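Enquirer: Listed here are the chains, written in short residue letters.
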Amino acid sequence: MSGNGRERGGEGVSLEFLAGLAGGQARDGEGLRVSGLRPFDEAGPFEITAAVNASYLSRLDETRAGALIVPVGADTRGRPALVSPNPYLAFAKITAHFHPPPRPYSGISHAAVIGKEFACGADPGIAPAVVIGNKVTVGDRCLLYPGVVVGDGVVLGDDVRIYPNVSVLERSKIGNRVIIHAGAVIGSDGFGQAPDGTGYFKIPHTGTVQIDDDVEIGANNTIDRGTFGRTWIQRGVKTDNLVHVAHNVTVGEDTLLVAQTGISGSATIGRHAVMAGQSGCVGHITIGDNAVVIAQAGVGQSVPPGEVVSGTPAMPHRQWLKVQSIVARLPELRKKLLDLERRLKRLEGKGDGHGS
Amino acid sequence: MSGNGRERGGEGVSLEFLAGLAGGQARDGEGLRVSGLRPFDEAGPFEITAAVNASYLSRLDETRAGALIVPVGADTRGRPALVSPNPYLAFAKITAHFHPPPRPYSGISHAAVIGKEFACGADPGIAPAVVIGNKVTVGDRCLLYPGVVVGDGVVLGDDVRIYPNVSVLERSKIGNRVIIHAGAVIGSDGFGQAPDGTGYFKIPHTGTVQIDDDVEIGANNTIDRGTFGRTWIQRGVKTDNLVHVAHNVTVGEDTLLVAQTGISGSATIGRHAVMAGQSGCVGHITIGDNAVVIAQAGVGQSVPPGEVVSGTPAMPHRQWLKVQSIVARLPELRKKLLDLERRLKRLEGKGDGHGS
Amino acid sequence: MSGNGRERGGEGVSLEFLAGLAGGQARDGEGLRVSGLRPFDEAGPFEITAAVNASYLSRLDETRAGALIVPVGADTRGRPALVSPNPYLAFAKITAHFHPPPRPYSGISHAAVIGKEFACGADPGIAPAVVIGNKVTVGDRCLLYPGVVVGDGVVLGDDVRIYPNVSVLERSKIGNRVIIHAGAVIGSDGFGQAPDGTGYFKIPHTGTVQIDDDVEIGANNTIDRGTFGRTWIQRGVKTDNLVHVAHNVTVGEDTLLVAQTGISGSATIGRHAVMAGQSGCVGHITIGDNAVVIAQAGVGQSVPPGEVVSGTPAMPHRQWLKVQSIVARLPELRKKLLDLERRLKRLEGKGDGHGS
Numbered sequence: 001m002s003g004n005g006r007e008r009g010g011e012g013v014s015l016e017f018l019a020g021l022a023g024g025q026a027r028d029g030e031g032l033r034v035s036g037l038r039p040f041d042e043a044g045p046f047e048i049t050a051a052v053n054a055s056y057l058s059r060l061d062e063t064r065a066g067a068l069i070v071p072v073g074a075d076t077r078g079r080p081a082l083v084s085p086n087p088y089l090a091f092a093k094i095t096a097h098f099h100p101p102p103r104p105y106s107g108i109s110h111a112a113v114i115g116k117e118f119a120c121g122a123d124p125g126i127a128p129a130v131v132i133g134n135k136v137t138v139g140d141r142c143l144l145y146p147g148v149v150v151g152d153g154v155v156l157g158d159d160v161r162i163y164p165n166v167s168v169l170e171r172s173k174i175g176n177r178v179i180i181h182a183g184a185v186i187g188s189d190g191f192g193q194a195p196d197g198t199g200y201f202k203i204p205h206t207g208t209v210q211i212d213d214d215v216e217i218g219a220n221n222t223i224d225r226g227t228f229g230r231t232w233i234q235r236g237v238k239t240d241n242l243v244h245v246a247h248n249v250t251v252g253e254d255t256l257l258v259a260q261t262g263i264s265g266s267a268t269i270g271r272h273a274v275m276a277g278q279s280g281c282v283g284h285i286t287i288g289d290n291a292v293v294i295a296q297a298g299v300g301q302s303v304p305p306g307e308v309v310s311g312t313p314a315m316p317h318r319q320w321l322k323v324q325s326i327v328a329r330l331p332e333l334r335k336k337l338l339d340l341e342r343r344l345k346r347l348e349g350k351g352d353g354h355g356s
Numbered sequence: 001m002s003g004n005g006r007e008r009g010g011e012g013v014s015l016e017f018l019a020g021l022a023g024g025q026a027r028d029g030e031g032l033r034v035s036g037l038r039p040f041d042e043a044g045p046f047e048i049t050a051a052v053n054a055s056y057l058s059r060l061d062e063t064r065a066g067a068l069i070v071p072v073g074a075d076t077r078g079r080p081a082l083v084s085p086n087p088y089l090a091f092a093k094i095t096a097h098f099h100p101p102p103r104p105y106s107g108i109s110h111a112a113v114i115g116k117e118f119a120c121g122a123d124p125g126i127a128p129a130v131v132i133g134n135k136v137t138v139g140d141r142c143l144l145y146p147g148v149v150v151g152d153g154v155v156l157g158d159d160v161r162i163y164p165n166v167s168v169l170e171r172s173k174i175g176n177r178v179i180i181h182a183g184a185v186i187g188s189d190g191f192g193q194a195p196d197g198t199g200y201f202k203i204p205h206t207g208t209v210q211i212d213d214d215v216e217i218g219a220n221n222t223i224d225r226g227t228f229g230r231t232w233i234q235r236g237v238k239t240d241n242l243v244h245v246a247h248n249v250t251v252g253e254d255t256l257l258v259a260q261t262g263i264s265g266s267a268t269i270g271r272h273a274v275m276a277g278q279s280g281c282v283g284h285i286t287i288g289d290n291a292v293v294i295a296q297a298g299v300g301q302s303v304p305p306g307e308v309v310s311g312t313p314a315m316p317h318r319q320w321l322k323v324q325s326i327v328a329r330l331p332e333l334r335k336k337l338l339d340l341e342r343r344l345k346r347l348e349g350k351g352d353g354h355g356s
Numbered sequence: 001m002s003g004n005g006r007e008r009g010g011e012g013v014s015l016e017f018l019a020g021l022a023g024g025q026a027r028d029g030e031g032l033r034v035s036g037l038r039p040f041d042e043a044g045p046f047e048i049t050a051a052v053n054a055s056y057l058s059r060l061d062e063t064r065a066g067a068l069i070v071p072v073g074a075d076t077r078g079r080p081a082l083v084s085p086n087p088y089l090a091f092a093k094i095t096a097h098f099h100p101p102p103r104p105y106s107g108i109s110h111a112a113v114i115g116k117e118f119a120c121g122a123d124p125g126i127a128p129a130v131v132i133g134n135k136v137t138v139g140d141r142c143l144l145y146p147g148v149v150v151g152d153g154v155v156l157g158d159d160v161r162i163y164p165n166v167s168v169l170e171r172s173k174i175g176n177r178v179i180i181h182a183g184a185v186i187g188s189d190g191f192g193q194a195p196d197g198t199g200y201f202k203i204p205h206t207g208t209v210q211i212d213d214d215v216e217i218g219a220n221n222t223i224d225r226g227t228f229g230r231t232w233i234q235r236g237v238k239t240d241n242l243v244h245v246a247h248n249v250t251v252g253e254d255t256l257l258v259a260q261t262g263i264s265g266s267a268t269i270g271r272h273a274v275m276a277g278q279s280g281c282v283g284h285i286t287i288g289d290n291a292v293v294i295a296q297a298g299v300g301q302s303v304p305p306g307e308v309v310s311g312t313p314a315m316p317h318r319q320w321l322k323v324q325s326i327v328a329r330l331p332e333l334r335k336k337l338l339d340l341e342r343r344l345k346r347l348e349g350k351g352d353g354h355g356s
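Residue numbers (this note's numbering), protein chains in the order written: chain A, 1 to 356; chain B, 1 to 356; chain C, 1 to 356.
Calculated directly from the structure, the hints in this document are not laboratory data.
Check the hints yourself; a few may be wrong.
Said to hold, decoys possible - Restraint-style ranges between C-beta atoms, simulated for each label pair:
no.: 1; chain 1: A; residue 1: Gly121; chain 2: C; residue 2: Arg103; range: 51 to 61 Å
no.: 2; chain 1: C; residue 1: Leu321; chain 2: B; residue 2: Lys322; range: 49 to 59 Å
no.: 3; chain 1: A; residue 1: Gly107; chain 2: C; residue 2: Asp123; range: 48 to 58 Å
no.: 4; chain 1: C; residue 1: Gly23; chain 2: A; residue 2: Ser325; range: 26 to 36 Å
no.: 5; chain 1: A; residue 1: Gly283; chain 2: C; residue 2: Asp75; range: 53 to 63 Å
no.: 6; chain 1: B; residue 1: Asp196; chain 2: C; residue 2: Asn134; range: 31 to 41 Å
Keep in mind it's a predicted model, so treat the numbers as computed, not measured.
A virtual CB, placed ideally from N, CA and C, is assigned to each residue, including glycine.
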């Protein structure tokens, strides 16, 4: 749509429509039909673009865009604008309007393998080379890409999208509007090994994984099932790629797990927290609501709600910043210390001289 | 079984039977039939539960469990108990008894693709969408989930379980009772690139991967083949998820590699060692038997047997603990140093005064 | 070939031929036919082996090899030798000659699923359980292993090899001679989430991934597509296993990304740079040409061309080495500081005595 409409706009929508969709106010755009959204330097006269920060706002002359998504208070010099208190969100919503996710499969492919007692909702898109076990329940409008394997007794909600080569193992429960990116593994056994004196005896993992509504799981994640009970990814959690979540972990609502993060067994992560890239935490601790674990931090004990922590072992981020600024100057501090020692020695010599 | 038997127990086993199985002594449980194992707060009168630490032992009144797995010396006030010197191991073994791993496939699916000269043992479970190359040998009772790809000339032992979407590349040798979790890659090329002045020329990897008996490989692991020779995962090794093992590495018997660990090329890890989560080591070094690499440590040189190391660059863990406790107080130490400097200057001034 | 030819050599090639192939000079090998390449301790009289460093060169008596790959200036005491200014490269090239990569599939398998408007080059090798979407273009001699999923509109160049269970999502563009190892994901959505006050709204990712000629992507990598525009892996880049490349990243020509490295969104990595194992960088920065990021480093700001950086936060490697040598001795420095403080106090006491 954006391709053809770029220079015509005939099939587009009004700026008011987009403002209603995205949350904001249309300004100076009467009669304009917007037919797509494109980057600042590429958008044409029937497209909208985002100018959300000072660097774009200072060079509005340079875009041919027919309309601008701008923050409240921005001067657009009479150009059509969608003024939003959260222009980044407005941008995301308008992008989603013009670029609905692709839906390359519809119906159930003859080249998929479906088990017994399959309860399938309306309008499925089940690709070739999908393999679904027995007693699986799938909600409406689910889309399963090729190579997806769904184990026995799995339940998927409505509007679930599962990308290629994902493995969802037996009895996992997946909520509505969940997205699972390619190669992820849901429901692998936890890493539980009981020492038997010489080696290890595998602890069976009889629990499950529960993923609630509106969760997005990144590519090549591994989410282990509970030993007993469940590993629980709550509503609205978003994980980036290559994230590891161990058995019996709970991740609270709207929490972000950035790429290559690892969470050890039975840890509890609060709501609206962030674990940044390559961070990790030990098991059996709690990371509080709204806490932030900075990239590469290694969390060895519980983190209070709202705390920001850095480093290995993790400490409050402010302290870490101070500490690191000194660490970088340690060679200089050491010199100073050795200098002081020399000078003190001299003084002590003199002092002795005085005293003798 | 546990479901129906929970309140009846009729089909259960005796506590003596479980004690024999798990290693321990049955006490006060004459006539009891145990039909399942469940968590402390959920177990019913015909189920056994684990009460392995003080926190559970102090509230034995609160479980309805018909029998308790307890450590030697625990006072169970006359309740049926399985007393074990290693109650965690007993718990694991009894769990395994009541929850044998699922076996959702039997026979060779018509929707699997099997190459030439396939030597298949007794009682296979080869799922739909499995693809097996030529000259593959598979032992008895092997279970291959959907999406498993087995390359030419691969050999699997008996009782091997390979979960969905695992790739086992050509000529890999897998021992008996090996478990490979979903998405793992066995036998990818090592990362060998010969600089040619401007870029790199790929070094062919003609070696193999050998995985010995009783190894468990975690989800989405990557185990590279040898350049020449083999990458060798010895008996009893257990790896967690997202672990990377480079070409020509040897991992010794009963060693644990925790999640997101990375081992560089030609490193040798000893027996019964532990590399904790997100740790890594450079290539061509040796980590000794029984050594422990603490989480996130970066090992740059060989580690003696039995040593525990932390940090990047890794140092003995005791030293690291001391160092880190000081690092956290560096701002305070720096202040003290600057204070000393001021005071010394003053003294030097005075000294000069005296001396002049 | 190497097997049969080991003791005969009849079908082999001349040392001159290999010298031409590998770049170097044949010496003392007239009439010799070389039929394979094997390790130093295993090679036989019709095989060539590499003796590229002092440890091998000092024990040339111990190999039965018929010819030696050696550096310029090495004394081979009259034994047939291929003398090369870059013997490691020569070794790689000769290995590649004797061990061309396997090609287990030819033609298009009946058990592959091919979409509409498939433009397939000459001599494909498309395995069973490959699923190719619509409007896909594939160059000559491409090899797609089982479980490979290729999305709509993907373009592959000539001589591309894609190992099992790789997902190449819609509209990705892959150049010539690209190798993608098993389990990798190309074109997953970037991790873009717009906060909406309570949770997050998914930012659609409408961009693509472009991978240029001669790139090698490691097993279980995740390469996200651009939000708009592209994520761009330029010619000659080699990535190790479990590497994460976020949306809109550019990785410059001939750069190496070692295992478990993570690159955040919109970062630009220069040409011929190295990011060593488990290193990471934040988004929107530039790592210059020829820069080296040492293993486990966390890069928080741009790195100039040619710089070598270590640590978290990353600093110049030389500084980091100094700093770390002091960090390890912090307990001792702290003692010295406390000692100085005590001695200073004593002096101050004396001084007061003098001054009173």
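Enquirer: Each hint needs a verdict: does it hold in this structure or not?
Expert: Verification of the hints:
Taking 51 to 61 Å as the suggested C-beta distance range, the pair Gly121/A and Arg103/C does not conform, at roughly 43 Å. Against the hinted window of 49 to 59 Å, the Cβ-Cβ separation of Leu321/C and Lys322/B comes to about 21 Å, which falls outside the hint. Between Gly107/A and Asp123/C the Cβ separation comes to about 34 Å, which falls outside the hinted range of 48 to 58 Å. Evaluation of the 26 to 36 Å hint for Gly23/C and Ser325/A yields a failure: the beta carbon distance comes to about 50 Å.
Between Gly283/A and Asp75/C the beta carbons are some 58 Å apart, a value that agrees with the proposed interval 53 to 63 Å. The hinted window of 31 to 41 Å between Asp196/B and Asn134/C holds, with their beta carbons roughly 39 Å apart.
Checked against the numbered hints listed earlier, the structure breaks hints 1, 2, 3 and 4; every other hint is satisfied.
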